[in-house]
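K.L.:
Given the coordinates of chain Z, work out where chain L should sit on it, guided by the hints.
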Amino acid sequence: MRLYRLIRYDIKNGISGRSYLYAPAAILCSVFTVSFYMSVQSMNIEDEKFTIVNLFLYFFEGKEPFSPELGNAFVFPVVWLFIFLYSAFLTLNYPYSNLTGFGIQAITRTKSRNLWWLSKCCWVFLATCLYFAVWYIVSLLLSVILHIDLSFQYSERICALLLDMQLQPMQPGSVWMSLVVLPVMISVAVNLLQLCLGLFFDRMYCFIVSAVILFASTYFQTPLLIGNFAMVKRSVIYQENGMDVKQGIIASVLVIILSIGAGIWRIRKYDILKKS
Amino acid sequence: MIKLENVSKNIKGKTVIDGITQTFHGGITYGLKGINGSGKTMLMRLVSGLIYPTSGRIEIRGKELGKDMSFPDDLGLLIENPAFLDSYTGFDNLWLLATLNNRAGKTEVKEALLRTGLDPEDRRKYKKYSLGMKQRLGIAAAIMEKPQILILDEPLNALDTEGVALFDKIIREEQERGTLIILSCHEEKKLHEYADVILTLENGKIKDREEL
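Line order of the protein sequences matches chains Z and L.
Residue numbering for the first sequence follows the working numbering, starting at 1 and increasing by one per position.
Residue numbering for the second sequence follows the working numbering, starting at 1001 and increasing by one per position.
In isolation and in its complexed conformation, chain Z is listed as follows:
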């Protein structure tokens, strides 16, 4: 019951009270959607069925495995990085700024450091889900406005021409997992890891760690950098030796459990001090 009250307090304080932070996400999502729509239009392929799955593939395409020995220049996947970095930024400040301000009143009333920690973990989960919901809802609305087909099918030609992707055939379940479930779970895992590190280091360093994990994920193809699991161009639907969806789920769940567990251990001895 006390946990429920704390979560309710965090939703009011940390989500409703900071709803303005979701506006840039909605704006950027609109910009990316319209930009991709215009690119498709400029290809003069009216006979092709441009679907919302094509749009999501554009958002989460990421970067194909990079081989520096071929002399290629490394180009960062801007859209993918923005989506995940903004998610990390969105969940960076509230938990600890709250603990040095109004949160002191809250934590001393709930009488439990563990409950405070668990409620902040739940908050990170909810704030991340809401952030992705904003992306999906905005792109869905714009798809309706721009007459982008709402189906689980996708145009292979658009993928090949604009995203340089030859995908394995995808079932609706696979689309759902690769383009909705996995990106959200990976983002939750990165954000919870960031939250946990906040108990040990300054918040800015924690954000830098999240950024390094995400940037390194775009450069190196390895399951140790969990960002890999959220990129379509690193998955089995794009390449034979790509990342498996199940492995992605397991990796993100492991990071989530370890972050929550390490936080529970640390919060018991954590000094609640003003930053000064």
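Be careful, since some hints might not be right.
In silico lysine-lysine, BS3-like type, Cα no more than 25 Å apart, as pairs [as the list claims (entries may be wrong)]:
1) LYS1110(L) - LYS1128(L)
2) LYS269(Z) - LYS1207(L)
3) LYS269(Z) - LYS1067(L)
4) LYS12(Z) - LYS1134(L)
5) LYS1125(L) - LYS12(Z)
6) LYS12(Z) - LYS1110(L)
7) LYS1014(L) - LYS269(Z)
8) LYS1012(L) - LYS269(Z)
9) LYS1190(L) - LYS111(Z)
On the chain Z side, residues computed to face chain L include the following (Cβ under 7 Å) [claimed, not checked]:
10) ARG5
11) GLY101
12) GLN105
13) ALA106
14) ARG109
15) THR110
16) SER112
17) ARG113
18) CYS122
19) ASP271
20) ILE272
Rather than coming from a laboratory, the hints here were simulated on the basis of the structure.
Even glycine gets a Cβ: it sits at the ideal position worked out from N, Cα and C.
P.N.:
Using the frame of chain Z, we list chain L on its own:
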């Protein structure tokens, strides 16, 4: 009763509290005196469970803080500058806090606001409050659940004459209720007026104890 046994606290290699042994009894008001950085606020943070000792132990009614409990039961706290939610009214801020442990209803919240001279019906948001009003709200938050332990760090900060008079009354009422009060205050005259025992801190140690 709060019992500190040889409590020390180091923060980033610096000793901020150095081997304090002290018992705080219910119904007594303790005034903490000392220059900035002498350890008054750190001592209050230790007693309120916001930080734990590096060595030594703090026992509250037989239970060890940090082991048997995270925070003291029945604690009212005003530490440094009070912080509330900008977009909420004074009443809404206190009500949000009251719902976390359900120890105060709307009547108690209104009563606490009135005791500090704030209007429960005031629809102004916290961000529009003056410094003095913010301080009054901080005091109201500390007393609204009628706690057995009241920790007040510089409660007179930013209060005007009327605010100080209301605070005098609050302290008297809390003393009559048998509350254990620990407070710090830069105005020595006021500290002597409120406290039954004055503890002077210097370099994280209790240098002097004066019973009034």
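K.L.:
Look at each hint and say if it fits the structure.
P.N.:
Now the hints, each set against the structure:
no.	hint	result
1	LYS1110(L) - LYS1128(L)	holds (19 Å)
2	LYS269(Z) - LYS1207(L)	violated (28 Å)
3	LYS269(Z) - LYS1067(L)	holds (10 Å)
4	LYS12(Z) - LYS1134(L)	holds (21 Å)
5	LYS1125(L) - LYS12(Z)	holds (16 Å)
6	LYS12(Z) - LYS1110(L)	holds (22 Å)
7	LYS1014(L) - LYS269(Z)	holds (17 Å)
8	LYS1012(L) - LYS269(Z)	holds (14 Å)
9	LYS1190(L) - LYS111(Z)	violated (32 Å)
10	ARG5	holds (5 Å)
11	GLY101	holds (3 Å)
12	GLN105	holds (5 Å)
13	ALA106	holds (6 Å)
14	ARG109	holds (4 Å)
15	THR110	holds (6 Å)
16	SER112	holds (5 Å)
17	ARG113	holds (5 Å)
18	CYS122	violated (15 Å)
19	ASP271	holds (4 Å)
20	ILE272	holds (4 Å)
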